[in-house]
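Protein chains: 2
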Amino acid sequence: MFSIDVYKERRDKLKKAVGHGLILFLGNEEVGMNYRDNTYHFRQDSSFLYFFGLDKPGLAALINIDEDIEIIIGNEPTIDDIVWMGTQPSLTEIAAQTGINKVAESNSLGILIKKSLSSGQAVHYLPPYRSDAVIKLSDILEIPNTKVKEGASVILIKAVIAQRAYKSALEVTEIDKAVNISNEMHLAAIRYSKENVTEKYVAGIVEGLALSAGGTIAYPVIYTVNGQTLHNHPTNDTLKKGQLILCDCGAETAMHYAGDLTRTFPVDQKFTSLQKEVYEIVLKAEQAAANSLRPGIRFLDIHKLACEHLVDGLKQLGLMKGDVKDAVSEGAHTLFFQCGLGHMMGLDVHDMEDLGEQFVGYSEGMVKSKEFGLKSLRLGRELEAGFVLTVEPGLYFIPELMDMWQAQGKLKDFINYDKLAAFRNFGGARVEENFLITESGYQLLGEPLIKAVSDIEGLNRL
Amino acid sequence: MFSIDVYKERRDKLKKAVGHGLILFLGNEEVGMNYRDNTYHFRQDSSFLYFFGLDKPGLAALINIDEDIEIIIGNEPTIDDIVWMGTQPSLTEIAAQTGINKVAESNSLGILIKKSLSSGQAVHYLPPYRSDAVIKLSDILEIPNTKVKEGASVILIKAVIAQRAYKSALEVTEIDKAVNISNEMHLAAIRYSKENVTEKYVAGIVEGLALSAGGTIAYPVIYTVNGQTLHNHPTNDTLKKGQLILCDCGAETAMHYAGDLTRTFPVDQKFTSLQKEVYEIVLKAEQAAANSLRPGIRFLDIHKLACEHLVDGLKQLGLMKGDVKDAVSEGAHTLFFQCGLGHMMGLDVHDMEDLGEQFVGYSEGMVKSKEFGLKSLRLGRELEAGFVLTVEPGLYFIPELMDMWQAQGKLKDFINYDKLAAFRNFGGARVEENFLITESGYQLLGEPLIKAVSDIEGLNRL
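Residue numbers (the UniProt record's numbering), protein chains in the order written: chain D, 1 to 462; chain P, 1 to 462.
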């Protein structure tokens with residue numbers, strides 16, 4: 001945890017922004033994998049962490065703005081809890097850790113809420129993404145499961161984003177730590193890659209490093225020879241000579257801040273000439289995008305700039321033709337780059353994604369596009385100092401999508417369909433780094449991790 | 001997956017046992033860690049795996065026994081699914097993998113169920129342990145969340161247990177594989193243990209090995225110097241000279257069968273003499289219990305036998321006194337051994353725990369005890385050939401529990417309370433192995449893993 005004052009200040013600011021009523025934060029619960037008590041690793045809700053710092057299941061928090069009361073809700077430990085889980089702090093001790101001196105037992109939460117509702121107070125809560133939270137809210141608010149999500153408070157959502165979007169120095173230090181652990185994971189990923197080992201073999205080592213460093217993975221490890229598939233999990237297939245590996249993985253620190261990096265490298269020590277050509281197009285787009293980061297520029301425009309660099313490279317490769325800007329504005333590049341250039345990062349790897357991408361990534365009056373490609377751009381808004389984000393262009397050769405477009409003759413003035421056949425089994429390439437927006441521009445987070453072809457080829461395999 | 005015939009035979013047997021009506025199996029869904037799309041690793045429901053073998057989220061299965069119809073329910077993949085997740089089989093292809101030729105879209109499940117209910121058919125389903133399943137069942141059965149669990153079918157529960165409790169040769173081979181991977185995890189745990197590394201450092205390596213082997217962990221890794229806490233997670237504390245480590249971890253194979261082993265060993269290369277004494281009491285109890293395994297004996301009686309061995313050892317250590325059998329029947333040993341000797345193992349590490357321990361671990365007419373100690377014995381029933389189970393006695397020195405009993409003067413004819421002080425910081429020791437009950441006795445699963453003091457001391461640290 002940070003110091004108590006950090007959480008108190010955050011809550012004071014939040015109370016001012018929301019103005020009136022009751023704010024209810026539900027902490028996360030344990031989730032059973034294959035039965036109730038065989039649980040996944042516990043992950044606390046990020047907004048709960050941000051405002052309270054308490055990293056334990058079974059908690060909730062109630063802020064009565066009008067009466068200026070804060071309450072931590074949970075259950076007192078029993079002797080059975082101590083036998084099975086070790087010495088446990090009392091609820092009062094837990095609350096004190098975040099500077100709150102009022103507590104209540106879980107079964108009284110419904111009554112507290114009902115009292116406020118009947119006295120005309122609004123109850124603000126964030127949209128739940130876990131089913132147990134839906135059930136809990138349905139129970140205490142006495143509304144059906146299906147009505148819970150739509151009852152979430154837009155005022156609260158906006159107030160939370162207005163704080164969490166700007167990372168403090170303390171937070172940047174944590175993210176820096178996360179990126180440096182992620183660096184170690186990537187170096188291991190490259191070094192352990194070789195013919196005849198399985199994808200899962202290497203991915204297991206990589207995930208183990210995140211755990212050994214004291215936290216966990218920030219998201220499921222992507223380590224695949226099918227890099228064209230954007231969210232691919234490692235398989236038990238063995239690596240083969242000539243294949244290209246895309247590894248997208250990052251650590252979450254013990255304090256739950258994320259790193260999020262991607263590197264692309266060959267199974268063999270050296271890239272083939274085609275792999276090198278494609279990879280360097282992506283690398284150039286990534287560098288150009290990074291160099292443009294600064295307060296005041298819209299990330300949407302940096303996305304477009306990166307797309308132009310990709311199209312430019314694809315033209316040199318013979319896959320695309322025509323005017324670069326026209327190609328991008330028509331969306332022709334989305335045959336090869338189907339997603340967005342990046343996203344906010346913090347306590348969540350896609351920071352605050354549960355609060356809604358429109359609110360997080362777009363400013364008032366700027367509506368997220370529904371078009372293929374742009375609909376996957378999570379961040380479009382004007383950048384501000386304190387934002388932390390990823391830049392991650394890529395080129396993805398998806399046979400099903402190429403076949404579909406070709407059959408439709410889609411945007412054929414920009415695509416050389418006769419040249420696509422050679423890329424059916426290419427896979428995909430992506431480079432991803434993490435940046436802080438500063439007053440004057442940007443700062444790379446973590447120590448620089450190798451990305452030039454010569455550096456990757458120069459790293460000896462184990 | 002096993003061959004199609006395996007799943008067909010299992011379903012035919014189930015239909016006969018249940019007799020009439022509709023059987024609804026819900027496969028598991030993805031669960032978001034900190035937002036919906038950042039998911040934990042997917043874990044299919046074990047009964048769904050057992051009867052259908054389909055290892056994918058978003059599926060359900062409906063068996064209409066009266067009309068002899070089997071249907072797989074899910075959604076057809078979209079082009080977006082292919083872009084984000086790669087080439088996807090159609091629902092019909094998925095169903096064919098388990099020998100079913102009828103499919104329906106997810107949104108038709110409620111209608112199918114309603115038709116059956118209105119025609120007077122009973123709908124059998126297993127008790128849900130995930131909140132999303134509760135919401136789904138509440139929706140399709142049109143009952144409140146709180147009524148879902150009590151509506152689960154006891155006929156179906158018993159029929160499922162009557163099949164899953166007896167492991168086939170194919171299943172035993174998979175469990176054997178899981179135990180052998182678990183062996184590698186334990187050897188690494190011992191070898192990487194040394195002064196000044198953190199618990200999480202070693203636990204991360206151990207978990208990485210489970211992933212690298214192609215599956216995952218069967219349950220959260222326990223690796224702790226506080227072995228007296230029964231379910232303890234590794235911390236970022238560093239290991240110190242003189243400490244005793246308890247490591248309880250096991251792999252789950254790619255087919256989701258579990259291994260479950262425990263070893264206890266010192267941070268240093270050598271046990272202290274007290275550590276050795278306590279450890280060897282536990283080891284002796286474990287061996288005595290294992291040697292008694294055979295069809296026809298109640299596991300409750302083997303549990304008692306192990307407890308007697310523990311008490312015998314504790315008397316020699318000076319911690320207990322009086323008649324051994326009396327001490328066990330009075331429950332005096334539960335000050336040091338608070339839990340049960342073992343449990344069934346299979347697709348779940350605590351096999352079928354979600355179906356209810358009374359049904360799984362106890363036969364008709366044999367009611368699970370509510371007493372401290374025995375209430376945690378998951379398995380009491382008469383053993384039969386084909387059962388797979390763990391044997392895991394231990395000695396746990398829990399300061400809070402010792403203080404509580406001492407203050408009450410509880411069972412003071414059996415406990416030498418004046419001798420307890422020396423054990424306040426001892427921690428705990430456990431040895432655990434996995435066995436198949438055979439026609440003639442038992443068989444150790446996996447290759448033998450070192451457990452003698454001399455073998456553990458002889459394994460060089462890294």
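The hints are simulated quantities; they were obtained by calculation from the structure and are not laboratory data.
Among the hints, erroneous ones may be present.
Unchecked claim - Heads up, simulated EDC-like pairs for lysine to aspartate or glutamate below, C-alpha to C-alpha not over 16 Å straight-line:
hint, chain 1, residue 1, chain 2, residue 2
1, D, K194, D, D418
2, P, K147, D, D66
3, D, K375, P, D326
4, D, K56, D, E76
5, D, K158, D, E457
6, D, K370, P, D80
7, P, K325, P, D418
8, P, K241, P, E280
9, P, K149, D, D132
10, P, K149, P, D139
11, P, K114, P, D139
12, D, K15, D, D81
13, P, K15, P, E67
14, D, K315, D, D418
15, P, K375, D, E364
16, P, K270, P, E280
17, D, K149, P, D268
18, P, K102, P, E76
19, P, K304, P, D326
20, D, K147, P, D326
21, P, K315, P, D413
22, P, K304, P, E330
23, P, K370, D, D66
24, P, K375, D, D80
25, D, K375, P, D268
26, P, K412, P, E280
27, D, K412, D, E330
28, D, K115, D, D81
To be verified - Pair by pair, the computed Cβ-Cβ distance ranges are:
hint, chain 1, residue 1, chain 2, residue 2, range
29, D, K370, P, K114, 57 to 63 Å
30, P, F372, D, E384, 56 to 62 Å
31, P, F372, D, E9, 32 to 38 Å
32, P, K114, D, R191, 32 to 38 Å
33, D, E9, P, R461, 32 to 38 Å
34, D, Q406, P, P89, 20 to 26 Å
35, D, K276, P, G458, 30 to 36 Å
36, D, Q316, P, E9, 31 to 37 Å
37, P, S369, D, P57, 27 to 33 Å
38, D, M85, P, N425, 52 to 58 Å
Values in this document were obtained by computation on a predicted structure and should not be read as measured data.
Each residue gets a CB set at the ideal place from its N, CA and C atoms; glycine is no exception.
Hint check results:
This hinted pair does not check out: K194/D and D418/D have alpha carbons roughly 33 Å apart, beyond 16 Å. Restraint check for K147/P and D66/D: not satisfied, since their Cα atoms lie roughly 37 Å apart, outside the 16 Å limit. Simply put, K375/D and D326/P have alpha-carbon atoms about 72 Å apart, too far for the 16 Å limit, and the pair is violated. Among the hinted pairs, K56/D with E76/D is consistent with the structure: their alpha-carbon atoms are about 13 Å apart, no more than 16 Å.
This hinted pair does not check out: K158/D and E457/D have alpha carbons roughly 46 Å apart, beyond 16 Å. The suggested pairing of K370/D with D80/P holds, with an alpha-carbon distance near 13 Å, which does not exceed 16 Å. For the hint pairing K325/P with D418/P, the CA-to-CA distance comes to about 22 Å; that exceeds 16 Å, so the pair is violated. Distance restraint check for K241/P and E280/P: the Cα-Cα separation of roughly 20 Å exceeds the 16 Å cut-off, and the hinted pair is therefore not satisfied.
Restraint check: the Cα-Cα separation between K149/P and D132/D comes to about 14 Å, which is no more than 16 Å; the hinted pair holds. Between the alpha carbons of K149/P and D139/P the distance comes to roughly 13 Å, so the proposed pair stays at or under 16 Å and holds. Proximity of K114/P to D139/P is assessed by CA-CA distance (about 11 Å); at most 16 Å being required, the pair is judged to hold. Simply put, K15/D and D81/D have alpha-carbon atoms about 35 Å apart, too far for the 16 Å limit, and the pair is violated.
Proposed proximity of K15/P and E67/P is supported: the alpha carbons are some 11 Å apart, at most 16 Å. A C-alpha spacing of about 14 Å is found between K315/D and D418/D, which places the hinted pair at or below 16 Å, so the restraint holds. Of the pairs offered as hints, the one joining K375/P and E364/D is violated, with about 58 Å between alpha carbons and a cut-off of 16 Å exceeded. Taking the CA atoms of K270/P and E280/P, the gap is near 14 Å; set against the 16 Å cutoff, the hint holds.
Pair hint K149/D plus D268/P does not hold up; C-alpha atoms about 54 Å apart against a cutoff of 16 Å. A C-alpha spacing of about 14 Å is found between K102/P and E76/P, which places the hinted pair at or below 16 Å, so the restraint holds. Distance hint between K304/P and D326/P is fulfilled; the C-alpha atoms sit about 11 Å from each other, no more than 16 Å. Straight-line distance between C-alpha atoms of K147/D and D326/P comes to about 59 Å, which puts the hinted pair past the 16 Å bound.
Among the hinted pairs, K315/P with D413/P is consistent with the structure: their alpha-carbon atoms are about 12 Å apart, no more than 16 Å. Distance restraint check for K304/P and E330/P: the Cα-Cα separation of roughly 11 Å lies within the 16 Å cut-off, and the hinted pair is therefore satisfied. Of the supplied pair hints, the one linking K370/P and D66/D is violated, its CA atoms being roughly 47 Å apart against a limit of 16 Å. Distance restraint check for K375/P and D80/D: the Cα-Cα separation of roughly 12 Å lies within the 16 Å cut-off, and the hinted pair is therefore satisfied.
The straight-line distance between the Cα atoms of K375/D and D268/P is roughly 57 Å, outside the 16 Å bound, and the hint therefore fails. Of the pairs offered as hints, the one joining K412/P and E280/P is violated, with about 25 Å between alpha carbons and a cut-off of 16 Å exceeded. About 11 Å separates the Cα atoms of K412/D and E330/D, which keeps this hinted pair within 16 Å; it holds. Restraint check for K115/D and D81/D: the C-alpha separation of about 31 Å exceeds 16 Å, so the hint is violated.
A hinted range of 57 to 63 Å for the beta carbons of K370/D and K114/P is inconsistent with their spacing of about 35 Å. Our hint of 56 to 62 Å for F372/P and E384/D holds, since their Cβ atoms are close to 58 Å apart. Between F372/P and E9/D the beta carbons are some 46 Å apart, a value that contradicts the proposed interval 32 to 38 Å. Between K114/P and R191/D the beta carbon distance is about 57 Å. The supplied range of 32 to 38 Å is therefore violated.
As the Cβ distance of E9/D to R461/P is approximately 47 Å, the hint placing it in 32 to 38 Å is violated. Evaluation of the 20 to 26 Å hint for Q406/D and P89/P yields a pass: the beta carbon distance comes to about 23 Å. Between K276/D and G458/P the beta carbons are some 51 Å apart, a value that contradicts the proposed interval 30 to 36 Å. A beta carbon spacing of about 59 Å between Q316/D and E9/P contradicts the range 31 to 37 Å that was offered as a hint.
Taking 27 to 33 Å as the suggested C-beta distance range, the pair S369/P and P57/D conforms, at roughly 28 Å. The supplied range of 52 to 58 Å is broken by M85/D and N425/P, whose beta-carbon atoms lie about 18 Å from each other.
Checked against the numbered hints above, the structure breaks hints 1, 2, 3, 5, 7, 8, 12, 15, 17, 20, 23, 25, 26, 28, 29, 31, 32, 33, 35, 36 and 38 and satisfies the rest.
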